[in-house]
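Position 235 (the first sequence) corresponds to 235 in the UniProt record's numbering; numbering is contiguous.
Think of the hints as simulated: they come from the structure by calculation, not from any bench. In this text, all values refer to a predicted model and were calculated from it rather than measured experimentally. Possibly wrong hints are sitting among the right ones.
[As the list claims (entries may be wrong)] When the alpha-carbon atoms are kept at most 16 angstroms apart in a straight line, the in silico EDC-like pairs for lysine to aspartate or glutamate are as follows:
hint, residue 1, residue 2
1, LYS24, ASP247
2, LYS91, GLU48
3, LYS88, GLU137
4, LYS222, ASP258
5, LYS88, ASP39
[Claimed, not checked] Ranges between beta-carbon positions, derived for each pair:
hint, residue 1, residue 2, range
6, ASN50, HIS243, 18 to 28 angstroms
7, PHE171, GLU123, 21 to 31 angstroms
8, ALA20, SER141, 18 to 28 angstroms
9, PHE171, ASN50, 32 to 42 angstroms
Each residue gets a CB set at the ideal place from its N, CA and C atoms; glycine is no exception.
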Amino acid sequence: MRIATWNVNSMRARADRVEAWLEKSDVDVLAIQETKCKDENFPWELFERNGYEVAHFGFSQWNGVAIASRVGLTEVERAFPDQPAFGKNGKDPVEEARAIGATCNGVRLWSLYVPNGRSRHDEHMEYKLRWLRQLREHAQSWLAEDPHAQIALAGDWNIAPEDDDVWDIDFFERNQLTHVTAAEREAFQEFVQAGFTDVVRPHTPGPGVYTFWEYTSLRFQKRQGMRIDCHLASPALAARVRHAYVDKDERRGKGASDHAPVVIELS
DNA sequence: ATGGTAGCCGCGCTA
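Using the sequences plus the hints, can you model the full thing?
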């Protein structure tokens with residue numbers, strides 16, 4: 001079985017690319033982030049005609065997550081329990097479409113779009129850390145309930161766990177950028193301490209292996225990327241991972257998302 | 001060249 005995660009940066013703008021990639025990659029399950037649409041604008045037929053069931057969670061033009069599967073899609077859950085909400089200046093906090101879970105052929109998969117954080121001292125950064133802490137507490141409890149559960153936490157983590165996961169750590173520190181701070185990395189490591197491992201990195205050793213390249217400053221052309229998309233697997237699932245890869249080719253050419261798909265292959 | 005792209009219920013906001 002093959003499972004992929006991909007921040008498509010608009011499902012409608014990327015529809016042709018996604019369809020072509022499903023055929024090319026032959027994945028069984030795809031966790032999608034940043035669909036940037038609500039249900040009524042989601043291209044349901046695209047998945048149906050390619051043999052995938054699909055569940056989508058989107059409120060507006062922001063965020064939006066989905067799971068497509070051709071090996072079953074049950075127990076769909078939109079948002080995790082007590083998922084933190086966000087409101088600017090602390091006002092009118094609303095829950096955002098950043099997490100959807102489903103069971104696909106025995107694997108409990110979550111498609112996650114972790115809040116960006118925006119800047120080091122922004123209230124959005126506090127939201128990001130709160131959001132991660134809440135998710136981690138639940139993930140921990142799922143594993144405590146069933147230590148043999150096959151759980152994949154897949155998506156755009158918006159965190160570069162190690163210095164090698166960005167093109168120039170000095171640039172990030174000099175400019176006080178996000179995704180690399182101690183607080184963000186600690187939040188990520190708490191998942192690892194809870195028993196979830198990054199099953200992609202061992203198969204895609206760095207430096208220089210990235211999943212995201214900013215459109216601005218033409219970072220892809222300059223080979224200046226970040227590795228912020230990955231799959232964190234529970235012990236039982238991690239034991240099944242045979243291979244993993246980043247499909248960097250998908251970032252090339254006109255009409256590419258700023259993220260590349262990340263695939264894991266299970267026994 | 002002190003920058004600059006891409007997407008959206010767009011003429012600002014998010015990334």
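Okay, the hints, checked on the actual structure:
1. LYS24 / ASP247: With a Cα-Cα distance of about 11 angstroms, the restraint between LYS24 and ASP247 holds, given a limit of 16 angstroms.
2. LYS91 / GLU48: violated, 40 angstroms
3. LYS88 / GLU137: violated, 25 angstroms
4. LYS222 / ASP258: holds, 14 angstroms
5. LYS88 / ASP39: Cα-Cα ~25 angstroms, so violated.
6. ASN50 / HIS243: 18 to 28 angstroms: Check passed, 23 angstroms falls within 18 to 28 angstroms.
7. PHE171 / GLU123: 21 to 31 angstroms: holds, 25 angstroms
8. ALA20 / SER141: 18 to 28 angstroms: With a Cβ separation near 39 angstroms, ALA20 and SER141 fall outside 18 to 28 angstroms, so the hint is violated.
9. PHE171 / ASN50: 32 to 42 angstroms: holds, 40 angstroms
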